[in-house]
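> Single-letter residue listing:
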Amino acid sequence: MKLLWFHLMPYTDLPDQFREHHPSVWVDLDSNLFDPTRAHTMYNEFMDELEYAAQCGFDGICVNEHHSNGYGLMPSPNLIASALSRRTSEAAICIMGNSLALYNPPIRMAEEMAMIDCISGGRVIAGFPVGTPMDTCYAYGANPSMLRERYYEAHDLVIKAWTTPETFTFNGRFHQLRYVNIWPRPIQKPHPPIWIPGGGSVETWQWCAEMDYVYSYLSYFGYKAGEATMKGFWEEMKRLGKEPNPYRAGFLQFVGVADSRAEAEKLYREPAEYFYDRCLNLDPRFTNPPGYTTEATIRAKVQSQLAQTVSRSSIKDMARTWKDIVDRGYVIIGSPDEVAEQLKEVATGLNVGHLMLLLQFGNMDKDLVTYNTALFADQVMPQITGMFDDQWEDHWWPNPMPREKRQIPERMAG
Amino acid sequence: MDTHLDWVIAAQEIMLSAGPEGADLMGVSAGGALAAEVAALWPSMVRRLVLGAPFGLFDETEPVADLFAQAPGALASLTCNDPARFHAALTAPEGVDESEWHIEQVRAAEAVARFLWPLGNTGLEKRLGRITQRVLLLWGEGDRIIPPSYAQRFADGIAGECTVRILPGAGHLMHFDLPEEVSREVLAFLG
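Those protein sequence lines, which keep their order, are chains A and B. Quick note: the first sequence uses the numbering used here, first residue 3, plus one each step. Quick note: the second sequence uses the numbering used here, first residue 40, plus one each step.
Same shape as in the complex, but just chain B (with noise of 0.2 angstroms):
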């Protein structure tokens, strides 16, 4: 996976097993960029699109932190308005060796780094037009990754009818803080 084409193609190719007729996307954070992506390029591929604070456009005069530039320990409270969810989610499960579930995180951060280094800035912002498709927009409104004055700029920039929902109570990863309000507010999306 050397470019950002590379990672589309890969993206695209998981809604392939979704069959023919599409169907609906959801992508939050570094999911979001590609959800987006795959939405713009793949139009016949994808229904109706859920975007939660993707990562894709960056302004100099209101950046993007740096989730990669982070004190040890910091993440869970730059991520979450409860850091007690972040521990809880990326806590090893019950049976699983401690030091293979550390091999995973530590891969799963190196991914969304070789994705995203160093600004997040995928160029996503020429394409937003070509997505045509219903968007809902969640965002949290404590999000101290990517301001919430982003979710304002992905709304200019796509053609589809996009609803944005700014939550309160809600950090950047606004499903780990807010479970059951993201889930109705999808559902009924989608509903």
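Same shape as in the complex, but just chain A (with noise of 0.2 angstroms):
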């Protein structure tokens, strides 16, 4: 079992009656509501949480991209990556990750994450999700009806620019460059594992096992929720003829440890109040643009169970209030032991062992986000680390230098 720490770093200060007064958290957001010295605080708090999370003894270390967005604040996963790479040691940097089609050229990406490989020791999960619509079609302008087809060919040139010793010409659909020719390369061979942030779509899960990378399903509402994805994505997988190694796949999921349950709600109530209700207030103007969910996925939605499934944690219907947030999964909450437990069976259940872990969620300050951190590496942490290894081996982890060859930086004085 792997367990990494997720950061989506919201902005903490999205006022009361966010979403009575402010028809979307995304795209068209008002910047007035955005303070830059508030910021230049959750900034550094943020990474100090990420870097106590390494510390703690978590495997991996998440960051992730949005673009004009109330609840990610990282419209440059990399930038926080490379300033994580200096500040840890042992820690997977997890870039989850570049939005391949955004990046102009796409071999931009490939250079950043070999210089974050470079500067880590050889530590990068490097991440492709697609995007939201928000993101790349409203936020960045992308045809919604290419957006996956640049995808793929964005993620083939990283892939050329990453393992092609010589310099080569790149005549492509959407790019064409006269001489690729990278530097740095990253340390990692043949280069970084690769996971993919991927919904419920049956393409990606399909190009997941034909390219064996991970298939990570980041979804905010839990594992009951997640069921059916993943589900899906194990059929798929024994279709195919892929062994159910749980290291094909990672999960995202929020946990608020405590003493004791009645504990946890008093401490973790608010913050994911204010994640469902502030950061979740999505406009549906935004939420689909034609061309941007493929023809297939809609047949199968409109034919399938999945539909049902969808609808249950679709944003009309998603839970807001903490007795409903806790009941339908989206937080799972309790005492250490109680927590251990419930991920045992989210592991289990949805086998999954890459365990993408949102110990920090919605206005949660830096002080709960250390004590649930600090709880969780100390009592939940080891009984559930073990999980999976003496039957399965994880192939998608990064293999970094060996810890005597790699540079440890200087410490500034004063």
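Do not take every clue at face value.
To be verified - Have a look at the derived ranges for each label pair, beta carbon to beta carbon:
id, chain 1, residue 1, chain 2, residue 2, range
1, A, Gln409, B, Ala113, 55 to 61 angstroms
2, A, Glu229, B, Ala62, 31 to 37 angstroms
3, A, Thr171, B, Ala57, 52 to 58 angstroms
4, B, Gly199, A, Gly174, 38 to 44 angstroms
5, A, Leu35, B, Ser116, 28 to 34 angstroms
6, B, Lys165, A, Asp18, 49 to 55 angstroms
7, B, Met40, A, Gly201, 44 to 50 angstroms
8, A, Gly174, B, Trp140, 43 to 49 angstroms
9, B, Trp140, A, Asp50, 50 to 56 angstroms
10, A, Gly201, B, Asp136, 23 to 29 angstroms
11, A, Asp50, B, Ala113, 43 to 49 angstroms
12, B, Glu137, A, Ser78, 21 to 27 angstroms
13, B, Pro111, A, Trp185, 47 to 53 angstroms
14, A, Val204, B, Lys165, 33 to 39 angstroms
Source of the hints: derived by calculation from the structure; they are not laboratory data. Glycine is no exception: its CB is placed at the ideal position from the N, C-alpha and C atoms.
Could you fit the two chains together into a complex? Lean on the hints.
Set out below in structure tokens:
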């Protein structure tokens, strides 16, 4: 079992009555709500928290990419990842990820991830999401009808840039480059492990199987809502003849640990409601541009059980108050033993070997994040960290330089 | 269909079926942007041109509305003065499979998105001066997608003689709102 610590970096000062007065947390969110001096504090505290998690022994720390978004302040996850590379020494640097179609030219991602891999001594996990409609089509003007085609071509170019020793020419449908020869190249050979944060489309599962990438389901709605998708994923893997190695999969789960359930409610109620009520204030104007969802997926949703699952966790029916949030499994809470028990069920039920844990969520402050993280590391982690390892090997984990060969950053005096 | 050129050539290939003498050509909305291009680039193929609230131009100070950033169900009243006409036109006919009809609607929407994303600015402005045909330019007075003031921009740019008709009681899809009046105008113009 690998336990990763994920930060969304939400803006923690969204006002009361946010949903009532602002139709969208994304794209055209009122910039008057953004105070850069507050963001100075937020970014620095968030990075403290990620570094603390690494220090506590989480196997990896995760950042991701969003644009024009009040609940995700990292338009460039690579900036954060490179800072983390200097202030951590063991944890995997999980970039979850670079939205492939949005970088022009795509070799920018190959270069930046190679830089971070070199700086970190070979600790990068390279995540490549397609990206939400909000991030890609509306904030960045990407054509929804061509987004996935651009994504695949960008992917091919990045892989080629990482693995081709000689300078090569790329004559693609969307990108043409005469001299591709990136300096630096990554430490990890043939390249960092690749994880694909995906939604529920069959094509993504098939592609992950074909390419031998980790399929990582980053749902905000927890394990109950995730069951149908992961079941579909493993059925597809079986159909394709892939062994059910849990390390083929990743899953995101919100967690709040305390001495007891009652204590957890006191501590985590407000941050949880902040997240689901304010952060997930999605405007349906931006969620479904034509062409973003493939025709195959539309047909499948029209005809299958997936539609029911989606609607249960859809934005309209989304839980926004504590009781429902907990009952529906969006957030796992309780004492360390209770949490460990539930996470064992999640891991075995979904057959997932990479658990990405959100121990900071909503407007949770640094003290509470530290408490949640430390208690989890101390009393939950030991109970679950050994799962799966007697039976399965994780082929999708970074392979860094040996510790004794890695550079230790000089500390500044004073 | 990756580039604007791909789309324009596809439209021209449709005109080829009209034969060597050419034909009158009409285009509305996204279709108008393509019809204007064919007339501009292949003058001998297009005799007279009818445009209904064509896409193709964009002015930040008076922007075209975003067709693709609308609440579900908002398009009917945004594109037509009478939303009922929008629904009537887009309801599955008798005997047609509902889910297949739905897929067709999605494909049509995707085609428009693929062609016009993100602003509907196709660079047509540079080529309006190549339109030397006689043009009938129709615009719904109540167009809430492309401001009716764009009619003048088109008229000013088109080299040929351009007759502008602003239609009270019509929205962007003027042929849905006022089918009889639009037909009369077009037939009179082509007649």
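> Now, for every hint given, state plainly whether the structure supports it.
The hints, checked one at a time:
no.: 1; hint: Gln409(A) - Ala113(B): 55 to 61 angstroms; result: holds (57 angstroms)
no.: 2; hint: Glu229(A) - Ala62(B): 31 to 37 angstroms; result: violated (58 angstroms)
no.: 3; hint: Thr171(A) - Ala57(B): 52 to 58 angstroms; result: violated (42 angstroms)
no.: 4; hint: Gly199(B) - Gly174(A): 38 to 44 angstroms; result: holds (40 angstroms)
no.: 5; hint: Leu35(A) - Ser116(B): 28 to 34 angstroms; result: holds (30 angstroms)
no.: 6; hint: Lys165(B) - Asp18(A): 49 to 55 angstroms; result: holds (51 angstroms)
no.: 7; hint: Met40(B) - Gly201(A): 44 to 50 angstroms; result: violated (26 angstroms)
no.: 8; hint: Gly174(A) - Trp140(B): 43 to 49 angstroms; result: violated (36 angstroms)
no.: 9; hint: Trp140(B) - Asp50(A): 50 to 56 angstroms; result: holds (55 angstroms)
no.: 10; hint: Gly201(A) - Asp136(B): 23 to 29 angstroms; result: holds (27 angstroms)
no.: 11; hint: Asp50(A) - Ala113(B): 43 to 49 angstroms; result: holds (44 angstroms)
no.: 12; hint: Glu137(B) - Ser78(A): 21 to 27 angstroms; result: violated (45 angstroms)
no.: 13; hint: Pro111(B) - Trp185(A): 47 to 53 angstroms; result: holds (49 angstroms)
no.: 14; hint: Val204(A) - Lys165(B): 33 to 39 angstroms; result: violated (43 angstroms)
The earlier numbered hints that this structure contradicts are 2, 3, 7, 8, 12 and 14.
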